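Assemble the whole structure, with the sequences as input and the hints as a guide.
Residues per chain are reported as follows:
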Amino acid sequence: MRRAVGTEVVRWGALTAAVAVLVVFLLAQRQDIDVSYGQSPARATIAEGSAGELSDASVPSVEEMTALVAADPVVRLPGAVADWDDDRVAAVIGDADVRILVAPPGLDEAERDRVREVDNATVRIIGTQVSGGFYQAYSTDLDSWRGQFATGDVTGLLTVLIAALTDQPKPADEEGFAWRDPTPAELGVVVGDLRTAGRHVADGATLADAPRPGAADAFPDGTVRYVALPRQPFGEPVPNYGPALAEVFPGDPVVVQYGNWVEYHGPAADEFAEVAAASFYGQFSDRLSRYDYPQTNVLDAYLSRVTDVRYSGLFDRPLPYQPVDPLRVALPALPWLFAGCVVLFLVLSVRSVLRADNPAGQRRSVRGHSTVPARLAGLTALAVEMSAVPGGASDAPLTRGIGKLGAARAALDDDLPDRHVHTLLDDAEDELDGAARLLGFDGYRPDVYLRSRLG
Amino acid sequence: MGWSWLVWPVGAAVLVAAGYVTATLPRRRAHQHARRVSWSTARSAIDAATVSRDAAPRPVAEAEQLLTRAQTLAADRGGPAAARAATDYARRADELWRTAAGSQDRA
Numbered sequence: 001m002r003r004a005v006g007t008e009v010v011r012w013g014a015l016t017a018a019v020a021v022l023v024v025f026l027l028a029q030r031q032d033i034d035v036s037y038g039q040s041p042a043r044a045t046i047a048e049g050s051a052g053e054l055s056d057a058s059v060p061s062v063e064e065m066t067a068l069v070a071a072d073p074v075v076r077l078p079g080a081v082a083d084w085d086d087d088r089v090a091a092v093i094g095d096a097d098v099r100i101l102v103a104p105p106g107l108d109e110a111e112r113d114r115v116r117e118v119d120n121a122t123v124r125i126i127g128t129q130v131s132g133g134f135y136q137a138y139s140t141d142l143d144s145w146r147g148q149f150a151t152g153d154v155t156g157l158l159t160v161l162i163a164a165l166t167d168q169p170k171p172a173d174e175e176g177f178a179w180r181d182p183t184p185a186e187l188g189v190v191v192g193d194l195r196t197a198g199r200h201v202a203d204g205a206t207l208a209d210a211p212r213p214g215a216a217d218a219f220p221d222g223t224v225r226y227v228a229l230p231r232q233p234f235g236e237p238v239p240n241y242g243p244a245l246a247e248v249f250p251g252d253p254v255v256v257q258y259g260n261w262v263e264y265h266g267p268a269a270d271e272f273a274e275v276a277a278a279s280f281y282g283q284f285s286d287r288l289s290r291y292d293y294p295q296t297n298v299l300d301a302y303l304s305r306v307t308d309v310r311y312s313g314l315f316d317r318p319l320p321y322q323p324v325d326p327l328r329v330a331l332p333a334l335p336w337l338f339a340g341c342v343v344l345f346l347v348l349s350v351r352s353v354l355r356a357d358n359p360a361g362q363r364r365s366v367r368g369h370s371t372v373p374a375r376l377a378g379l380t381a382l383a384v385e386m387s388a389v390p391g392g393a394s395d396a397p398l399t400r401g402i403g404k405l406g407a408a409r410a411a412l413d414d415d416l417p418d419r420h421v422h423t424l425l426d427d428a429e430d431e432l433d434g435a436a437r438l439l440g441f442d443g444y445r446p447d448v449y450l451r452s453r454l455g
Numbered sequence: 456m457g458w459s460w461l462v463w464p465v466g467a468a469v470l471v472a473a474g475y476v477t478a479t480l481p482r483r484r485a486h487q488h489a490r491r492v493s494w495s496t497a498r499s500a501i502d503a504a505t506v507s508r509d510a511a512p513r514p515v516a517e518a519e520q521l522l523t524r525a526q527t528l529a530a531d532r533g534g535p536a537a538a539r540a541a542t543d544y545a546r547r548a549d550e551l552w553r554t555a556a557g558s559q560d561r562a
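Chain order of the listed sequences is A and B.
Heads up: the first sequence is residues 1 to 455, going by the working numbering.
Heads up: the second sequence is residues 456 to 562, going by the working numbering.
Since the hints were made in silico from the structure, they are not lab data.
Hints are not guaranteed to be accurate.
[Said to hold, decoys possible] A few chain B residues facing chain A, derived, Cβ under 10 Å:
1. S459
2. G466
3. A472
4. G474
5. H488
6. R491
7. R498
8. T505
9. V506
10. S507
11. A510
12. V515
13. A516
14. R553
15. A556
[Claimed, not checked] Interface residues of chain A toward chain B, partial, derived using beta-carbon atoms under 7 Å:
16. V92
17. A96
18. S349
19. T399
20. H420
Since the structure is predicted, the reported quantities are computational estimates derived from the model, not experimental observations.
Idealized CB from N, CA, C, for every residue including glycine.
Here you go:
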């Protein structure tokens, strides 16, 4: 009995599990991919200037600038930062009449439009963005980005653009950028600041004092040390603080900013610094060249790019533990789980139906050993004996009793429950008892007769 | 992938079918059983009444009527309710004939 209850529990448990698995599977089918081009316009439009990229500098009216350009082949407006190697540019220009208008970075859209409307300027430089005619020149490697953003060097861009405008072959690249070791005095100042405050912000640099929130994700190990220097003067070797500071602070990430150029030195620099820088400047060099972002914003963008590179798992950099989604892991196993539950339920159901169907088992399950056949046999023998005695009045009850015995026998053959057969036998016994009393012979009363038979 | 999605609809259909069969089969069987039991009772009661009628000293019209009704019901082979009604008629007819026989004996 206990086993039967356990089987029932397992059976309904299997059904419940199967339904639960099915529901989980159906819920997991929901797909939430949200890619939309057709439903543009996009939500967030970032207003120009919201990231501090506009400067205070402005430009004169189009007429004034046109007059200036007519008077002079090279016009530098106030706040202009671009610079170039005069000899190399002059060599490309040759005898051609090339007029260059140099505007400051961080102009808003109206001001940039005014600069573009100066028709007599062959080449326009806004910040360090060089364009002219239908062309715009771009830097495409780390060396030229470094010159462009650390010192405002646009020599390479200018020569390429002018060569294109004057139908000359592309001039050879020349390295215009040079490092030098920092003097002990320079290094001492920076190291002192880094030891006390963790950062060195030189005069003219625009790095905010607050700690950068993205630093912990980008560089999980060691104390990050920031050095912010303003854009370096063009044409002079630039003090290379990075390697020297990495020696002073072994194990600590060192980020050195020269203007908008960001250098990383420290642990694992070989593994990701170039990739991060190429990715960062490949995406942002256009905006960085024509706008005047504060170094804080450039640093934040750089740190988030480093974080992206790190989390992409490209360089075996250790990542913080991310728990696996149990649903994703379990999904492939769900059909098997479901099929198993279905089979279990099916087997147990079939078993329960078969067991209820088994008459032999049912007969056995009646309490005590079955006495139906014995009782039937005994009463039948009694009826046969009594029918041999001529009785007159006892014939009717005897015949009814024999009829009941016949019905009991048919019910027994028909596999009807014992309880029913017993009822019929009780009736037969009553009739036989009545007949025996009418005969007046106690030996034929069923209980006496059966007892004597058993004895 | 391919066929593996079939596991879900086929499995669900098997579950529903197995549940339906296991729920209805015992019930239908019990119903059948009850019907057979009650008709067995009814038939034995009709037989007893028939014997009592043959043994009765005089015809009893009411008992004849009751027995005919019971036999009609049995011929129609209805459900357990009809069987119980037939049993009831047959028993009442049996009682009437026995009473008639008993009063005859005393007389």
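Comparing the hints with the structure gives:
no.	hint	result
1	S459	holds (6 Å)
2	G466	holds (4 Å)
3	A472	holds (9 Å)
4	G474	holds (7 Å)
5	H488	holds (7 Å)
6	R491	holds (6 Å)
7	R498	holds (6 Å)
8	T505	holds (8 Å)
9	V506	holds (5 Å)
10	S507	holds (6 Å)
11	A510	holds (3 Å)
12	V515	violated (14 Å)
13	A516	violated (20 Å)
14	R553	holds (8 Å)
15	A556	holds (7 Å)
16	V92	violated (62 Å)
17	A96	violated (66 Å)
18	S349	holds (4 Å)
19	T399	holds (5 Å)
20	H420	holds (5 Å)
Checked against the numbered hints given earlier, this structure breaks hints 12, 13, 16, 17; the rest are met.
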